[in-house]
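Peer 1: Got chain A; can you put chain B on it based on the hints?
Line by line, the protein sequences are chains A and B. The first sequence begins at 1 in my numbering and counts up by one. The second sequence begins at 1 in my numbering and counts up by one.
In case anyone wonders, no lab produced these hints; they're calculated from the structure. Be aware that a few hints might be false.
No copy is singled out in the list; a pair is fine if it fits within one copy or between any two copies.
Stated by the list, open to error - No farther apart than 20 angstroms at their CA atoms in a straight line, the calculated lysine-lysine pairs in the PhoX-like style are these:
hint: 1; residue 1: Lys87; residue 2: Lys53
hint: 2; residue 1: Lys127; residue 2: Lys58
hint: 3; residue 1: Lys58; residue 2: Lys43
hint: 4; residue 1: Lys30; residue 2: Lys58
hint: 5; residue 1: Lys58; residue 2: Lys87
hint: 6; residue 1: Lys127; residue 2: Lys43
Because the structure is a prediction, the values reported are computed rather than measured.
Spelled out from the first residue to the last, the chains are:
2 protein chains.
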Amino acid sequence: MQVTLNITRPCLYDATAMPDPLSILKFDDKALIPAIIQDADNKQILMFAFMNKLSLDKTVETGLCHYWSRSRGKLWLKGESSGHLQKVRSIKTDCDQDVLLIEVEQAGVACHDGYRSCFYRELSPDKSQWTTLDLPRIDPAKVYG
Amino acid sequence: MQVTLNITRPCLYDATAMPDPLSILKFDDKALIPAIIQDADNKQILMFAFMNKLSLDKTVETGLCHYWSRSRGKLWLKGESSGHLQKVRSIKTDCDQDVLLIEVEQAGVACHDGYRSCFYRELSPDKSQWTTLDLPRIDPAKVYG
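For reference, chain A alone in the conformation it holds in the complex (with noise of 0.2 angstroms):
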């Protein structure tokens, strides 16, 4: 009995032929998507940070929110430094697909001034003044030096 492989045609089965699920999103005229950061558990928006494809990928393989920076034209692991890591617990987009809202689980502090969330400056309800919500839970500077 003769036995012909047709080694050219596409295995149906393939995984590396499947297409990447994070090629539907969109990402902006600087090659950038917008990053909304939730904390997991009691669902407080911790930060807000751009990704480029190469930190979304990190991001997925690794588990750990990694993003683009602008100003310093680099890739950097959240907590590199800090320890303060963002362990993701889930990735969302939206109906546009060209925004983020990734769900983690914190180390530590979100924001670089010492802050559980970035966000934490509320327009006061006569809308005169910013008031500050929280107090800071670390010493940035013997964090961040």
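Peer 2: Positioned in the frame of chain A, the structure of chain B alone reads:
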């Protein structure tokens, strides 16, 4: 007795001379600031959009979210045609003062696709596909025509 009024001297208690607290906010190179919209009650993230100074001023003045449509180049009151208004409960900003976090009471749904939140797609745990988390609450064709 002669009374001289120096009307060119600014009054110390003139409310219009008080600095606008919104002036600390930093708008990007397109004169926009990102706004994260959160359900004030259950802390779900409902949507993400951009405001310019005009739409932010309108939001603060009226207590209803107004945005700047980049595609249409115009101010829009969220819910103007659908009735799905967003009543502002609080406005926060982040450490860099270049992002807004607005807690709202959402009437109806936030998403044009009929879902309560625009963030209705989640990356599956095996990272192979996007899973839809919710069901549409309204028929968008009936609301938006």
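Peer 1: Confirm or reject each hint.
Peer 2: Checked hints:
1. Lys87 - Lys53: Intra 18 angstroms, inter 35 angstroms, cutoff 20 angstroms: intra-copy only.
2. Lys127 - Lys58: Between copies only: 13 angstroms across, 41 angstroms inside.
3. Lys58 - Lys43: The answer is neither: 24 angstroms in one copy and 28 angstroms across copies each exceed 20 angstroms.
4. Lys30 - Lys58: within (19 angstroms within a copy, 29 angstroms between copies)
5. Lys58 - Lys87: So Lys58 and Lys87 pass the 20 angstroms test inside one copy only (12 angstroms; across, 38 angstroms).
6. Lys127 - Lys43: neither (25 angstroms within a copy, 22 angstroms between copies)
Hints 3 and 6 from the list above are not met by this structure, while the remaining hints are.
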